[in-house]
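If you read the protein sequences in the order shown, they are chains P and G.
Here my numbering is used: the first residue of the first sequence is 60, the next is one more, and so on.
Here my numbering is used: the first residue of the second sequence is 60, the next is one more, and so on.
Treat the hints with caution; some may be incorrect.
Since the list gives no way to pick one copy over another, a pair counts as held whenever it fits inside one copy or between any two copies.
[Unchecked claim] In silico EDC-like links for lysine to aspartate or glutamate, alpha-carbon gap of 20 Å or less: (1) K194 <-> D211; (2) K83 <-> E69; (3) K83 <-> E128; (4) K227 <-> E199; (5) K194 <-> D139; (6) K66 <-> E246; (7) K227 <-> D97; (8) K83 <-> D151; (9) K66 <-> E128; (10) K194 <-> E222; (11) K194 <-> E102; (12) K66 <-> D151; (13) K83 <-> D176; (14) K66 <-> E156; (15) K66 <-> E134.
If you are wondering where the hints come from, they were derived from the structure by calculation, not from laboratory data.
Owing to the predicted nature of the structure, the values given are computational and were not obtained by experimental measurement.
2 protein chains.
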Amino acid sequence: MDYLYSKYLEQATEALGSLPGIGKRTALRLALHLLDRDLIEVERLANAIVLLKQHVCYCTSCNNISDKETCAICENPLRDHSTICLVENIRDVIAIENTHVYRGVYHVLGGVISPIDGVGPNDLSIELLLQRLQKQQINELIFALPATVEGDTTGFYIFRQIEPFNVKVSILARGIAVGDNLEYTDEISLSRSIQQRLPYSGSAV
Amino acid sequence: MDYLYSKYLEQATEALGSLPGIGKRTALRLALHLLDRDLIEVERLANAIVLLKQHVCYCTSCNNISDKETCAICENPLRDHSTICLVENIRDVIAIENTHVYRGVYHVLGGVISPIDGVGPNDLSIELLLQRLQKQQINELIFALPATVEGDTTGFYIFRQIEPFNVKVSILARGIAVGDNLEYTDEISLSRSIQQRLPYSGSAV
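Given the sequences, and given the hints that come with them, work out the whole structure.
Shown next, in the form of structure tokens:
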């Protein structure tokens, strides 16, 4: 695969192969697929990714991805603006929105503290969160960060930073997932779900 | 995932999701990754795929992908132009080239006969192959088509078409692959490798 018989094919394969999770072989397959498509479709894809990069901005309130200065969620008067759900990125916003049970607003950190990946607190939108807590009347901040060491570290760091604001802080429940068999559940999740057991209310929670 | 909070993100995700093997979630991940990249890198990717579609053509001799009228292999005087290896697509050319044992030229069919996918003989470069056999002095045609029903059908169809040219036709050996354990080899491959057993020459072939 050193020489692909076409400079253009080689360049397109290289560019596609720079995307995450796309190796050399997949990149070649994608490039050959694009060759079979109409020019207009290929141009549509090319334009879409350039427009994305040129026009998408971040909500000045919650740091979520948006086409305008304020995102659709922060603009929505029907949402509870006194409850903020703290998430790592927009994929988590989408995941929570898909549950249809949360009516508050979000704050998108843009990552979690991870020294290995060179991500420190200053790379995240923590300052923006503190400003928000200062300016607005916030009743509750929900930590919906990943259940990993990095997520826990980030949560703890922010918890220390927001102590002066005296805001109620909660965290997503951890325990066995719906559909899980106990025998396959990891020990930590299982032990947490025992320690934090809930009063039985006649049906599964 | 119905509404991605940004028209541009939605369009880019949709365009990326139209690529083969890339679902909605992966497309969103790729789009968000592109957002994190520099504009110049995103533009380089966009340009690469448009240039690919605009400039790549097919070799007028062997139907391989090329930047010029004749591909690098057909132009190479050191290759044996009297031996043609018949393959399905350019990926197979690359696979065979990587073995470094073949010094002849190729003929790229552009697919195999597959009624289910709506691919008939007229969609392949069979006419071009017949012209080649008519014009040039070809000693041997090697069938290197996929070892599938479609590959075998295509091979048989072409074999019938080229009968008048009286050219020697061979086919890639089929049998157990290097590194295979006999117990895991499928019955057809194993039975072929028994029927077509070779004289032992002191080392594995």
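Outcome of the hint check:
1. K194 <-> D211: neither (26 Å within a copy, 73 Å between copies)
2. K83 <-> E69: within (10 Å within a copy, 27 Å between copies)
3. K83 <-> E128: Neither way: K83 and E128 sit 38 Å apart in one copy and 26 Å across, limit 20 Å.
4. K227 <-> E199: within (5 Å within a copy, 81 Å between copies)
5. K194 <-> D139: within (16 Å within a copy, 78 Å between copies)
6. K66 <-> E246: neither (54 Å within a copy, 43 Å between copies)
7. K227 <-> D97: Cα proximity of K227 and D97: none, with 55 Å in one copy and 39 Å across.
8. K83 <-> D151: between (29 Å within a copy, 15 Å between copies)
9. K66 <-> E128: between (42 Å within a copy, 14 Å between copies)
10. K194 <-> E222: Only inside one copy: K194 and E222 sit 16 Å apart there, 85 Å across copies, limit 20 Å.
11. K194 <-> E102: The answer is neither: 45 Å in one copy and 39 Å across copies each exceed 20 Å.
12. K66 <-> D151: between (40 Å within a copy, 18 Å between copies)
13. K83 <-> D176: Answer is neither; intra-copy 24 Å and inter-copy 26 Å both fail.
14. K66 <-> E156: between (45 Å within a copy, 17 Å between copies)
15. K66 <-> E134: between (48 Å within a copy, 16 Å between copies)
The structure fails hints 1, 3, 6, 7, 11 and 13 (numbered hints given earlier, in ascending order).
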